[in-house]
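Peer 1: What follows is each chain in one-letter form.
There are 2 protein chains.
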Amino acid sequence: MERISATYYIETPFTVEAAAEVLAGEQSSGTFVAVPGETAELKQRFAARVESIEKLETVSQPAIPGAVSKNSTYQRAMITVSWSIENFGYNLPTMVSTLQGNLYEITQFTGLKLMDIEVPASFSKHFTGPAFGIKGCRELTGVEAGRPLIGTIIKPSIGMSPEETAGLVETLVEAGIDFIKDDELMGAAANSPFEDRVTAVMKVINSHADKTGKKVMYAFNISDEIDLMQRNYDTVLQHGGTCAMMSINSVGLAGVKKICDRRELAVHAHRNGWGMLNRHPLLGIDFRAYQKLWRLAGVDQLHVNGIQNKFWESDDSVVRSIEGCLAPMLGGYQVLPVVSSGQWGGQAPETYRRTKTTDLLYMAGGGIMAHPAGPAGGVKALQQAWKAAVEGRSVQEAAAMYEEFGLSVQKFGK
Amino acid sequence: MERISATYYIETPFTVEAAAEVLAGEQSSGTFVAVPGETAELKQRFAARVESIEKLETVSQPAIPGAVSKNSTYQRAMITVSWSIENFGYNLPTMVSTLQGNLYEITQFTGLKLMDIEVPASFSKHFTGPAFGIKGCRELTGVEAGRPLIGTIIKPSIGMSPEETAGLVETLVEAGIDFIKDDELMGAAANSPFEDRVTAVMKVINSHADKTGKKVMYAFNISDEIDLMQRNYDTVLQHGGTCAMMSINSVGLAGVKKICDRRELAVHAHRNGWGMLNRHPLLGIDFRAYQKLWRLAGVDQLHVNGIQNKFWESDDSVVRSIEGCLAPMLGGYQVLPVVSSGQWGGQAPETYRRTKTTDLLYMAGGGIMAHPAGPAGGVKALQQAWKAAVEGRSVQEAAAMYEEFGLSVQKFGK
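Chains as they are written, first to last, in our numbering: chain A, 138 to 551; chain B, 138 to 551.
Hints are computed from structural coordinates only; laboratory data are not their basis. Note that the coordinates shown come from a computational prediction; the quantities given were computed from them, not determined experimentally. It is possible that part of the hints are untrue.
For chains that are exact copies, the list does not tell them apart, and a pair is met inside one copy or across any two.
As the list claims (entries may be wrong) - Here are the simulated SDA-like pairs of lysine to any residue, each with C-alpha atoms no more than 20 Å apart in a straight line: (1) K262 x D371; (2) K493 x D452; (3) K548 x S209; (4) K207 x W449; (5) K180 x A327.
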């Protein structure tokens, strides 16, 4: 019988073996006392199994509150636990409740982070994965392999009218941008009803596509309740749009899957709220596991933060996230990593040096909007930055070669 | 114009004022550089506002990774920030992205927890709240005010066939239980298809109701993708069931709201995965804020853990959670606190002493199933425990008065 496995980074004041068994029991057939009916046969079929234990360092202080060690020693370890597919079948929310549920409450752990998930081959029959993925998003935007899609976020994030937004979009599409998105704060503000924004923006994009053959992808933030997301999705489709954005943590797994299942628009997955799930080193979920869940749900584009970002995350972590998205899963399920946060092009050489990929959606908000030569200069600067990055040039070399990128370095470079 | 406010427990190496302004900027009209279009008028209308700052203790070590203090001083504080209703209207997922989104990534914080949310009166027009609540759940089960609903979880959590489950349900309903639920690990296991389980269980419950007039509430775990949840919901309805259970973190806000909106079954909200969001004192979300979001979504029953539970959480925290659920919101929105985790009745006197309420769904799993006189003895023991608790008796007094509860004390008491 196929099994699903999960790897956890744990910390415990007890023996790792004992703590792992508590997790396996709590998350399958056991509870705090033996109960009638928990037969050997039932356990054989449904009990979770501790597959491996790798002991790591010990520390003298617990990472998070839990049971107290008598000798002030907390053992860290990497453990892998597996469950039979018979426990939850292809029910994604119940899989999450099994791999990521009450186990975070277990007092025997003073640290617990879900690091990775492995799902068996039969998942590919039940989860069709991203409808567009990297290849499809390149086709929709007409961006051939060899460079990233260059994108931007409408800024100010909130407050502009549909007409003001469309005016900015006009500048951006004329400047040669590939992708534009709503901010996650912008669903439908009082002065920017969703349908009005779509109408105004798509008029500009469609008109530009008619003239040039290039249809810029605009990710409209459809996040809302299910019926309203469906209506928003229809609105985008009716106006010839190609992409819907959702705040995946806020909408949730069932809602996101329902929208992805339509497979008519590329889905841009914004991970806002992610820090809550990941910022502590020994609590929550690592991006490696997280991105697999959302690829199963079917998102086409997924945020990974950026190198030298404005937030707290380290470059190493961002690089691992990009690698995670690009690693094959179930023979496909390609998801386009969305690089953003404080990006202005100066990070392109380092991003390319460390990841050796251009299969990215590279996003700059302020880096484009606040460019000294205006948004058009900002887009040009980003294209130059990536050309230079792929050619192996440094920021300094690129700044000397390219005028607009040079201006970016003067304004945004430290 | 109405405003929505959020209170955060924060820690920062900078001045609290500066860090709070970064949060307000990032979560409304600002970004990492000034951008054209962020006019004074736009800011006046859409910018988030820091309403209050209450400085608390300083510490020398940061709670979570972030910016480093030059003088090893990290200031903690309680801050309140507000947004105009014009920013996101009544879009619940976008409200969550605003109050609980990228702010967890901000490097200026070395700790950030959303403690509470206040929504304005107009929310009551857009969110109808729980369809049944405390009063409706009492009516559905025929349990009058003055004692909690007594409930149990089918154990072993997973592995029993529909017939075995129905056999156990028969014992429990004959013993006088008010409520039974699936475990969150049990959606549809290979040997317990959802419809077969509903059919077998409801046959027992309906037959008992026909005989006695008392219909026991069974919370079937419908958690799955949207369409399958709808199908499961229909199945429960068709068989005369009265309750649907969802793992709310795994299903997500949009999916849960969609199901609650049907308002035909009471919704039992299981918070598994909650520890991931709350276990660290300075990261994530406090239950006080969390329960408000789910009351807006419309759940009728919400898990709060239990006094002297088997998990890591303190009694103080559990008491606060119960009080949070029972505090009025928008003139109603009553949600029934679900007390569970290692409960066997011995905690009833302390639970009542600290909360002075019987508006609870008091759940015991192993405490009923593993009772020395069998499940019937377990149910009786719980009823006795609560009778004694309301009469103000101690565990010892109650054990001496009541035979079945006395047996519980012998087996489960320390």
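Peer 1: Honestly, which of those hints from before does the structure not fit?
Peer 2: 1, 3
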